[in-house]
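For the sequence shown, my numbering begins at 1 and goes up steadily by one.
Calculated directly from the structure, the hints in this document are not laboratory data. Just so you know, not all the hints are guaranteed correct.
As the list claims (entries may be wrong) - For lysine to any residue, the following SDA-like pairs were computed, each having C-alpha atoms within a straight-line distance of at most 20 Å:
1) Lys439 / Ser586
2) Lys439 / Val422
3) Lys439 / Ser462
Stated by the list, open to error - So the derived label-pair ranges between C-beta atoms look like this:
4) Glu702 / Arg389: 41 to 49 Å
5) Ala132 / Glu183: 37 to 45 Å
6) Thr463 / Gly434: 40 to 48 Å
7) Ile136 / Pro355: 33 to 41 Å
8) Asp555 / Ala604: 18 to 26 Å
9) Arg389 / Thr188: 24 to 32 Å
10) Gly496 / Lys439: 19 to 27 Å
11) Asp352 / Pro82: 49 to 57 Å
12) Glu310 / Lys439: 54 to 62 Å
13) Arg716 / Gly402: 23 to 31 Å
14) Asp81 / Pro489: 50 to 58 Å
We put the CB at the ideal spot given by N, CA and C, even for glycine.
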Amino acid sequence: MSSSGSGDATDAGPFEGSRVVVGVAHDATRATLVEWLAPDYDVVTADPDELPGLAPDLYVLDRPTLAAGHDAIEQARAAADPTHLPVLLAATPDDEPPLESAAAATDRPDELADDVVTYPLERVTVRRRARALLRIRSLSVEVAERHEQYHGLLDLLDDGICLLDDGTVTYVNDVGLRLLGVEQEAATGDPLTAFVAEGDVPVVESLLADVRIDGRATIQQPVTLTTGTGDAVTVSMSAVAVGDDGAGRMQIVFRDLRDSERKSDRFGLYLSALDAAAEGITIADVTRDDDPLIYANEAFAEITGYDVAEVLGRNCRFLQGTDTDPEPVATMRAAIAAREPATVTLRNYRADGTPFWNQVHLMPVDHGGETTHFLGFQRDVTERVRRERELGQYRTLVQAAGDPIYTLDAYGCFTDVNDTFVSFTGYDRADLIGAHASKVIDEQDVAVCRRRIADLLSSSDSTQVTVEIVVETVDGDRRLCEVSLGLLPFEAGQFGGTVGVVRDVTEPKGREQRLAVLDRVLRHNLRNKMNVILGRSEALREETDLDDDAAAHVDAVMDAAAELLDTSQDARRFRDVLALKEQEPSTLDLAALAADAVADKRAAFPDTDITVATPDEAPIRTRGRLRSAVDELLENVVEHSDRDRPTVDVTVRADGDRVVLEVADDGPRVPDFERRVVRDTVENPTEHGSGLGLWLVSWTVEQSGGEIEIVDNDPRGTVVRLRFPCA
Numbered sequence: 001m002s003s004s005g006s007g008d009a010t011d012a013g014p015f016e017g018s019r020v021v022v023g024v025a026h027d028a029t030r031a032t033l034v035e036w037l038a039p040d041y042d043v044v045t046a047d048p049d050e051l052p053g054l055a056p057d058l059y060v061l062d063r064p065t066l067a068a069g070h071d072a073i074e075q076a077r078a079a080a081d082p083t084h085l086p087v088l089l090a091a092t093p094d095d096e097p098p099l100e101s102a103a104a105a106t107d108r109p110d111e112l113a114d115d116v117v118t119y120p121l122e123r124v125t126v127r128r129r130a131r132a133l134l135r136i137r138s139l140s141v142e143v144a145e146r147h148e149q150y151h152g153l154l155d156l157l158d159d160g161i162c163l164l165d166d167g168t169v170t171y172v173n174d175v176g177l178r179l180l181g182v183e184q185e186a187a188t189g190d191p192l193t194a195f196v197a198e199g200d201v202p203v204v205e206s207l208l209a210d211v212r213i214d215g216r217a218t219i220q221q222p223v224t225l226t227t228g229t230g231d232a233v234t235v236s237m238s239a240v241a242v243g244d245d246g247a248g249r250m251q252i253v254f255r256d257l258r259d260s261e262r263k264s265d266r267f268g269l270y271l272s273a274l275d276a277a278a279e280g281i282t283i284a285d286v287t288r289d290d291d292p293l294i295y296a297n298e299a300f301a302e303i304t305g306y307d308v309a310e311v312l313g314r315n316c317r318f319l320q321g322t323d324t325d326p327e328p329v330a331t332m333r334a335a336i337a338a339r340e341p342a343t344v345t346l347r348n349y350r351a352d353g354t355p356f357w358n359q360v361h362l363m364p365v366d367h368g369g370e371t372t373h374f375l376g377f378q379r380d381v382t383e384r385v386r387r388e389r390e391l392g393q394y395r396t397l398v399q400a401a402g403d404p405i406y407t408l409d410a411y412g413c414f415t416d417v418n419d420t421f422v423s424f425t426g427y428d429r430a431d432l433i434g435a436h437a438s439k440v441i442d443e444q445d446v447a448v449c450r451r452r453i454a455d456l457l458s459s460s461d462s463t464q465v466t467v468e469i470v471v472e473t474v475d476g477d478r479r480l481c482e483v484s485l486g487l488l489p490f491e492a493g494q495f496g497g498t499v500g501v502v503r504d505v506t507e508p509k510g511r512e513q514r515l516a517v518l519d520r521v522l523r524h525n526l527r528n529k530m531n532v533i534l535g536r537s538e539a540l541r542e543e544t545d546l547d548d549d550a551a552a553h554v555d556a557v558m559d560a561a562a563e564l565l566d567t568s569q570d571a572r573r574f575r576d577v578l579a580l581k582e583q584e585p586s587t588l589d590l591a592a593l594a595a596d597a598v599a600d601k602r603a604a605f606p607d608t609d610i611t612v613a614t615p616d617e618a619p620i621r622t623r624g625r626l627r628s629a630v631d632e633l634l635e636n637v638v639e640h641s642d643r644d645r646p647t648v649d650v651t652v653r654a655d656g657d658r659v660v661l662e663v664a665d666d667g668p669r670v671p672d673f674e675r676r677v678v679r680d681t682v683e684n685p686t687e688h689g690s691g692l693g694l695w696l697v698s699w700t701v702e703q704s705g706g707e708i709e710i711v712d713n714d715p716r717g718t719v720v721r722l723r724f725p726c727a
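Using the sequences plus the hints, can you model the full thing?
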C-alpha cells in the first residue's frame with residue numbers, strides 16, 4: 001500500500017462533509033482509507049450486516065463486503081431513485097484472484113461497483129476517485145431536483161402539458177390528465193395520436209414532423225381529443241423540441257378552447273411576480289403525500305438560508321426545531337386539512353440553526369373545484385416579536401402605575417392610556433384612542449408641549465421635560481397638572497411619538513379657599529386698617545405741632561401704610577392671574593396692547609420719555625390679564641429709576657414662531673436675587689423678591705404660555721423680554 005502524494009492538492013470542494021461508508025474487512029486497509037478520507041468527509045465504518053439504513057452519499061467497499069451487502073445496497077439505491085448512489089470498489093491484499101481493474105470485476109457483486117481502485121492503493125487515486133463519484137452523486141441529485149421542480153411547475157400551468165419521447169407519451173401534467181379524463185398510468189406509454197380524434201390524426205402527425213425539422217410548430221386549427229370517458233374536447237395545440245441531441249423528445253401544449261379568454265403569458269407573469277416578491281413564497285402540492293414543496297422563491301432562500309434546490313420535494317416542517325411551539329403547527333395542519341386559510345407566527349430555524357420568528361400566511365389554491373395547492377407567505381418578524389414582548393412588559397408596568405400615563409403618536413393623537421388616566425379624565429378608553437390630545441389638554445398647552453418636544457428632538461442631552469398643563473375632564477373640571485414628557489423610540493429613523501406621565505397639582509378646593517381668605521384679608525381687613533392708619537397719621541401730621549424727628553416718624557408710617565395698600569392691590573391682581581376659570585385662551589394683538597399701554601403711561605408720567613416701536617399687528621394666544629403685566633413693567637421702571645427724566649423703550653417684534661415684547665430702561669439694574677426669583681419661580685426664607693410686581697409679570701406670562709428673560713441693558717439699565725407663541 002502506498003501513501004504517495006500525501007501532499008496532493010485534491011480537496012473535497014463542494015462535497016466536503018458528504019457521508020462515506022467504508023466497509024473493508026482488512027484492518028490495515030480500512031484504517032488507511034479512513035485516515036485518507038476522514039479529513040474531508042463524514043466517514044462511517046460498517047460491517048455487511050450494518051449497511052441497511054445508513055443512507056450514505058458514497059460506499060467504499062471491498063469485494064467480500066460488496067457481495068454480502070448486495071441486497072442492502074440495491075435497496076438503498078432503489079430508495080434513492082431517481083438519484084444515483086455510487087459504489088467505489090477497493091482492492092485489498094486478500095483479494096483472490098487479485099482485483100486489477102474495473103473491467104476485471106465481472107462477477108455478480110462487482111456489477112454494483114461504479115469504479116475500482118486496484119492494489120496497492122494510493123492516497124491521491126482514492127481521494128480523486130471518491131471525489132469524482134461524489135460529483136456524480138451531486139449531479140444526479142441536482143438533476144432529480146430540477147426534474148421535480150420542472151414537473152411541479154408544469155402542474156401549476158393552466159394548460160395541458162405532455163412530454164413525448166420519440167412520439168410516446170412519458171408524462172402528462174395535472175391539467176392535461178383532467179382534460180383527457182385519465183390517470184397518469186393510463187396516459188403514458190402510448191403515442192399521442194391515441195388521444196386524437198381519427199379525423200385530426202394527420203394534422204397532429206404533421207405537427208410532430210414539423211417539430212423534428214424546425215424545433216417547434218403550432219397547429220393553426222382546432223384539434224379534437226378523445227377523453228377516457230369518450231367525450232370530445234376541442235383544443236389548440238403547439239409543440240417544441242426538448243434538447244438538441246435529436247433524440248425526439250418534445251413538449252406538447254394543448255389548451256382547452258372552452259376557456260379561450262385566458263392569456264397565454266399569464267403563468268409567466270405570475271411566476272415572475274412570485275420570483276421578485278420581497279416576502280418568502282412557497283407552493284405546496286396537497287394532492288401528493290406529505291404536501292411537498294414544488295416552488296420556493298429567492299426571498300424564501302434568503303430568509304431561511306436554504307438553497308431552493310434543497311427544499312423542493314420536502315414538507316416545510318424542516319424549518320421547525322426544538323423550541324417550536326406545537327400550537328401554531330397544529331393550527332397550520334388543521335387549516336391544510338380543512339382547505340382553509342390560516343395565519344400563524346412561530347419560531348423556526350434557519351439552515352445554520354439560528355432561530356427566527358416566522359409569520360406564515362397559508363392560502364388555499366383551488367383548481368377544478370378542489371384545493372390542489374397551498375401558497376405559503378413567510379416573513380421574518382423577529383424584530384417585531386421582540387418589540388411586542390417589550391411593549392407587553394411596558395404596558396403591564398404602565399397599567400399598574402398609580403399616575404395617569406398616556407402615549408401620543410407623531411401627530412399628537414392618543415395611542416394608549418392606562419386605567420388611571422381613564423379614571424382621571426372620566427373618558428372611556430375607546431373615546432380617547434385615536435383622538436387628538438386637545439380633546440383633554442388645553443390647546444395652548446398642547447402648543448407648549450409641542451415646542452418642548454421639538455427642544456427634546458434637537459437636544460442630545462435631554463431625554464425628558466416637565467410642563468405645566470391644564471387637563472379638562474369629561475365633566476368640564478379643569479385640573480392643573482404637571483406632565484413629564486419623554487420621547488418614544490424612533491422607528492426606521494422616524495419620530496415615533498411621546499409618552500406623558502401626569503401629576504395633578506390642582507387641589508382646587510383648598511386653593512380657592514386660600515385665595516378667598518387672601519382676598520378677604522388683604523382687600524378688606526388690611527386695606528381698612530391701613531386706611532385708618534393713614535387717616536390718623538395725616539390728622540396727626542396736620543393738626544399737631546411736631547418737631548422734625550416726630551414728623552419724620554409719622555411720614556415713615558404713612559409711607560409704609562401706602563406701600564401695604566399697593567401690595568393689597570397687587571394681591572388682587574394675583575388672584576385674577578391665578579383664577580384659571582377667568583383665563584380662557586384668546587387671541588390678542590400684542591402690538592396694539594403695547595401701544596395703548598405706552599399712551600396711558602405717557603399721560604401718567606409726563607416726566608418720563610417712553611418710546612414704542614411695533615409692527616402693524618402681532619397676534620398672540622394668551623390667557624389671563626397680560627395688560628396688567630405690561631403696566632407693571634412700565635410702572636416699575638418709573639418707580640425705581642434714579643434719573644430725573646427716565647427713558648423707556650418698548651419694542652414688539654416677530655421672532656420665528658414667537659412674538660417678543662421688550663421693555664428697556666436706563667435706570668438701576670434689577671438685582672440678581674430678584675432675577676433668580678423670577679427665573680427659578682420659587683422663593684425661600686433667605687432669598688425672595690422685595691415685592692409682588694415681578695412675580696405678577698412672571699406668572700401672567702407663564703399662564704399665557706410665554707417666557708420671561710431679564711438681561712442687562714448697555715451701558716446701564718435693564719431689558720425685560722417677554723416671548724409669546726404666535727396665534
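A range of 37 to 45 Å was offered for this pair. Does it hold for the Cβ distance of Ala132 and Glu183? holds (41 Å)
Range hint 18 to 26 Å: satisfied by the CB atoms of Asp555 and Ala604? Given range 18 to 26 Å: holds, Cβ gap about 24 Å.
Do the beta carbons of Arg716 and Gly402 sit within 23 to 31 Å of each other? Once the Cβ atoms are compared, 53 Å apart, the range 23 to 31 Å for Gly402 and Arg716 is violated.
Mind checking the alpha carbons of Lys439 and Ser586 for me, to see if they're no more than 20 Å apart? The hint holds at about 18 Å.
How does the Cβ-Cβ distance of Gly496 and Lys439 compare with 19 to 27 Å: does it lie in that range? About 21 Å separates the Cβ atoms of Gly496 and Lys439, which means 19 to 27 Å holds.
If you check the beta carbons of Ile136 and Pro355, does the distance land in 33 to 41 Å? The hinted range 33 to 41 Å holds for Ile136 and Pro355, with Cβ atoms some 36 Å apart.
Quickly compare the C-alpha distance for Lys439 and Val422 to 20 Å and report which way the hint goes. holds (13 Å)
Can you let me know if the beta-carbon spacing of Arg389 and Thr188 is within 24 to 32 Å? violated (55 Å)
Does the beta carbon distance between Asp352 and Pro82 stay inside 49 to 57 Å, or does it fall outside? Between Asp352 and Pro82, where Cβ atoms are some 29 Å apart, the hint is violated.
I want to verify a distance hint. Is the separation of the beta carbons of Asp81 and Pro489 within 50 to 58 Å? holds (56 Å)
For the hint 40 to 48 Å, verify it against the beta carbon of Thr463 and that of Gly434. violated (27 Å)
Taken at face value, is the distance from the CA of Ser462 to the CA of Lys439 at most 20 Å? violated (28 Å)
When each numbered hint is compared with the structure, violations occur for hints 3, 6, 9, 11 and 13.
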